[in-house]
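Novice: Chain by chain, the residues:
There are 2 protein chains.
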Amino acid sequence: MGEERKEEEELVVPPLNFGMVDNGILRSGFPDSANFSFLQSLGLRSVLYLCPEPYPEANSEFLKDNGIQLFQFGIEMCKEPFVNIPEETIRQALKVILDGRNHPVLIHCKRGKHRTGCLVGCLRKLQRWCLSSVFDEYQRHAAAKARVSDQRFVELFDISSLKNLPFSFSSTIYSSNR
Amino acid sequence: MGEERKEEEELVVPPLNFGMVDNGILRSGFPDSANFSFLQSLGLRSVLYLCPEPYPEANSEFLKDNGIQLFQFGIEMCKEPFVNIPEETIRQALKVILDGRNHPVLIHCKRGKHRTGCLVGCLRKLQRWCLSSVFDEYQRHAAAKARVSDQRFVELFDISSLKNLPFSFSSTIYSSNR
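In order, the protein sequences belong to chains A and B.
According to the numbering used here, the first sequence is numbered sequentially starting from 1.
According to the numbering used here, the second sequence is numbered sequentially starting from 1.
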């Protein structure tokens, strides 16, 4: 019984909608205190938070205690058909993600579906993924909440100004294309 | 026009249902020749194939040309309620995945939903993920085809004989729990 109890205590709780995007780049919904020990195990260097609301105190404290830097790019969430994803904000956020000094980085918004999905979609375009694969991944994380408007945003997003950035993904994955 | 054409040719096509499981561990549906240049960019060392059918010639050739080792663990696919996932086969497959010398390894079956989903689910149990997070991930990849029987298999799968394996994931991710 004591042994069983110990086993239970050892379980980790990844945040909802958690996934690996690439080496050193992770995504999820909003983490709460139940997720902290899992997040600790990731050895994060930074968190990229995509909502305009202030970061909750418990989360801020967790970041501070673990020496994790917070980058906040507040994107207002409008319900369809009033969608307004700011291109320039996504561009700035991409620069943070692409900088290996920030890895491992966890990208999150509220549910890890729309704002995070758009940002990851734009990253995939930079990685030269074809759009059907980009949308396949977007839909996997957005499920029943998938939005055509988000996918159109990703499709029309202009990567030309980012193409000459020095990529520094932490691994050889995809690197033969760079 | 010529420039645009060149851009198009540079696109890569990840296999359907492609995702990163952990550092050096990838998953997908069945890759076809359209995916080969993407797979090449991953620098794979091995492929773990979970269907009993012989590997298609074009795929075998691709692996041979790129020095990629094939591990095949044929699991018959039965429709519910006749489900029979062999525990021992999953155990052997897990040993291949956990061996860092095989990384990067791509796990795939036909759709990347059931067989691949069960195997990844068992891996998550070894990583001490709580079941709700394991199922969240399983369902993301299985979508409308999610099976309760697969999830029950993962829940009942006994990891005790694997706990003492020397893990050798390629990164620090999750390593603080080991």
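Bear in mind the hints are in silico, worked out from the structure with no lab data behind them.
Some clues are possibly wrong.
Okay, the calculated beta carbon distance ranges per label pair [as the list claims (entries may be wrong)]:
id, chain 1, residue 1, chain 2, residue 2, range
1, A, A146, B, E155, 36 to 44 Å
2, B, G74, A, S132, 27 to 35 Å
3, B, G43, A, E76, 52 to 60 Å
4, B, S37, A, D158, 45 to 53 Å
5, A, D32, B, E61, 33 to 41 Å
6, B, L131, A, R91, 38 to 46 Å
7, A, C78, B, G43, 37 to 45 Å
8, A, D32, B, L156, 27 to 35 Å
Ideal Cβ positions, reconstructed from N, Cα and C, are used throughout, including at glycine.
Novice: Flag every earlier hint the structure violates by its number, smallest first.
Specialist: 1, 3, 4 and 5
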